[in-house]
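For the protein sequence lines, the chains are Z and S, in the order given.
Mapped onto UniProt numbering, the consecutive letters of the first sequence carry residue numbers 1 to 398.
Mapped onto UniProt numbering, the consecutive letters of the second sequence carry residue numbers 1 to 286.
Treat the hints loosely; a few may be bogus.
Chain S regions said to be covered by chain Z (calculated; three or more residues, Cβ under 8 Å) [claimed, not checked]:
# : region
1 : 27–35
2 : 63–76
3 : 80–91
4 : 96–104
5 : 168–178
6 : 185–191
Calculated from the structure, these hints are not laboratory results.
No experiment lies behind these values; they were computed from the predicted model shown.
By construction, the Cβ of each residue, glycine as well, lies at the ideal position given by its N, Cα and C atoms.
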Amino acid sequence: MLLRGVDRAAFAVSFANRLRGAGVLAGLTEIDDLVRALGAHPPDSRRALYWTARISLVRRESDLAAFDRVFEAVFTDAAPLPLNRSAAAGPAGRRDDVHVPVPGGAGPAASGGGLPWATLPPAVAEAEPGDESGLFLPQVRPSAVEALAARPFEELDPRETALLGEVLRRELTNWPSRRTRRHAPARSGRRVALRATISRARRTAWEPVTIVRERPRRRPRRVVMLCDVSESMRAQATAYLHLMRAFATVTPAEVFAFATRLTRLTPALTRKSAAEAIEQATAAVSDRFGGTRIATNIAALLRSHHGNALRGALVVIASDGWDSDPAPELAAAMARLSRRAHAVLWLNPRAGAPGFTPAVAAMAAALPYCTTLRPAATFDDLFAAARAMQSLGNADFR
Amino acid sequence: MNDPQEVGRRLDAVDYLVDDGLAMAVFLALRLGKPLLLEGEPGVGKTAAAKALAQALDTPLIRLQCYEGLTAGEALYEWNYQRQLLAIRLAEARHERLGDDDLFTAEFLQERPILKAVRYAGPTPPVLLIDEIDRADDEFEALLFEFLGEAAVTVPELGTFTAVRPPVVVLTSNRSRDLHDALRRRCLYHWIEFPAAARAAEIVRRAVPGASAPLIASATEFIGRVRALDLDKAPGLAETIDWVSALSALGATELAPADALHTLGTIAKTPDDRLVVAGAVHEEIA
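Build out the structure end to end from the sequences listed, making use of the hints.
Rendered as structure tokens:
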């Protein structure tokens with residue numbers, strides 16, 4: 001018999017504390033379960049103890065590895081684990097987005113240039129190096145945003161990119177929707193809502209005078225975005241991260257980054273603070289600015305358990321189409337992807353250049369399976385792409 | 001059942017083999033009276049576990065298959081509106097007065113799986129299988145909380161039904177959607193691993209009693225190797241069982257390439273996988 005004469009509650013609490021230190025979410029309910037489980041079947045071997053603890057404390061598959069590590073550390077003579085939280089938990093979310101430092105109104109001397117009359121301040125505030133410490137309220141003139149949005153990504157500094165990313169996020173309202181199988185009462189509905197009609201008939205001596213109707217409810221269509229973060233996409237990667245964050249916060253989206261392997265960024269990018277989200281997403285991608293394997297990564301996504309998220313979704317692939325995998329493989333992966341998705345939209349940073357033809361082998365192979373190919377070299381392009389997605393998502397071409 | 005070993009034995013008696021983990025999970029679910037959430041790859045025996053448990057406990061299995069748009073009307077209860085309307089007309093014809101209590105009574109209540117499990121009157125509580133909970137939308141999860149926490153269902157017009165003997169609840173999920181923490185908190189959790197070759201062979205032997213031993217051994221070993229290949233849908237235990245029954249239906253006693261190729265449709269479920277598995281058959285089965 002293990003743990004003879006041990007206070008079960010104290011044991012369970014301290015073991016769960018260890019687990020929480022390793023990032024496993026073991027709360028009071030789980031601790032209670034463990035105490036009751038130990039009472040129901042006092043473990044007679046280490047193995048029995050392992051299963052009792054695992055089944056009562058762990059609630060998700062992703063926590064199993066951490067649990068195994070902690071269990072090993074506690075019950076074998078291994079070096080103790082550091083009791084710090086995993087990096088994924090991080091500090092409590094900061095909502096500091098409103099304080100994006102943006103150059104305020106330039107000083108009168110700068111704009112007037114010493115002239116005896118007042119001139120209009122410049123529409124685009126010059127990027128002044130130096131005084132970065134002061135926080136200004138983001139009073140951005142619409143014209144300034146427009147001018148910035150027309151500039152290619154590589155000419156924007158991180159601050160401007162962040163600002164435009166926030167504008168993009170606010171722009172994504174009126175998202176495309178799809179019909180669900182749930183019904184909600186609606187005056188213009190076709191189906192009679194029997195339950196509501198009969199309960200309404202109570203008021204009229206059970207004579208159904210008012211017929212309540214219902215119609216299918218609509219909900220936002222899911223977006224799945226795959227973003228290329230390889231070397232050839234270095235200039236665009238940050239801007240695309242902002243687009244991904246916009247999707248992740250507005251719609252039920254799944255976002256992934258890839259170069260040589262696939263990284264799921266959805267948990268990182270749904271954080272409240274933009275700066276924190278981008279920081280975490282950047283840290284999560286380990287193969288940043290490496291080579292590109294588009295076909296392998298699309299196939300990996302289709303095969304993983306996230307592959308079901310693609311069904312009926314709007315799929316956005318952001319890449320320049322430089323692929324080190326053979327083109328037929330990409331064609332096969334794209335064919336499967338397009339069969340599963342509602343629409344596939346390919347964003348190519350080079351597609352806006354004059355005289356662009358999709359001549360790269362991979363791009364030519366993928367094109368027949370894309371619903372549209374759109375340029376994406378500036379934020380204007382991204383706004384246009386977002387508008388295009390809104391109409392694509394509502395369209396029924398199946 | 002008094003300990004996990006007994007759970008293992010009782011499930012073994014109905015031809016469902018469990019490892020220590022699943023035996024402990026089932027034992028604790030029964031003893032603590034909590035729902036059991038089973039996850040694992042498709043075809044690893046999640047649904048079969050609930051069926052076997054019902055058989056081992058000798059109680060009925062009540063099954064709720066989840067799908068998008070599943071509502072209280074299909075999962076908990078529904079009023080029989082047609083009968084209510086008829087009752088209204090009947091009362092009218094007889095010049096009677098109908099009250100609230102006359103229309104919303106148990107007589108007009110249609111039980112759906114969850115309410116049926118709560119109101120089950122037999123000597124042992126039934127097993128309720130809530131299959132593929134990830135296919136229902138997240139609103140539906142919230143609807144389950146009262147039932148999972150208190151084994152009770154509230155019908156506003158009638159009151160709260162609480163189970164005299166709480167049903168044994170098994171939920172399964174294929175992880176196509178991340179389940180809410182609140183749901184996970186109310187359940188015990190077990191991740192079913194794909195069994196090792198020897199255990200897989202034993203499971204297949206129980207499922208296909210007529211198959212020859214060498215056939216089962218080589219087929220499960222072959223599946224083990226195929227699972228390591230780059231496949232869209234790796235064959236699970238269910239596929240292995242299908243394959244072995246197909247092969248023994250053809251009269252095979254040993255694994256031969258010709259038979260394997262003819263019955264490939266039972267283990268490879270996409271054209272690409274078919275090619276890969278056919279290649280493996282040529283290479284590995286001499």
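How the hints compare with the structure:
1. Residues of the region 27–35 of chain S with a Cβ under 8 Å from some Cβ of chain Z number 5, which satisfies the need for three, so the listed coverage holds.
2. With 5 residues having a beta carbon nearer than 8 Å to a beta carbon of chain Z, the region 63–76 of chain S meets the requirement of three or more and the stated coverage holds.
3. Remark: the region 80–91 of chain S is confirmed as covered by chain Z, as 5 of its residues place a Cβ nearer than 8 Å to a Cβ of that chain, reaching the required three.
4. Judged by the Cβ-Cβ criterion of 8 Å, the region 96–104 of chain S is covered by chain Z as claimed, because 3 of its residues qualify and three suffice.
5. Restraint check on the region 168–178 of chain S versus chain Z: 4 residues with Cβ-Cβ distances below 8 Å, three needed, restraint holds.
6. By the rule of at least three residues with a Cβ nearer than 8 Å to a Cβ of chain Z, the coverage given for the region 185–191 of chain S holds, with 7 such residues.
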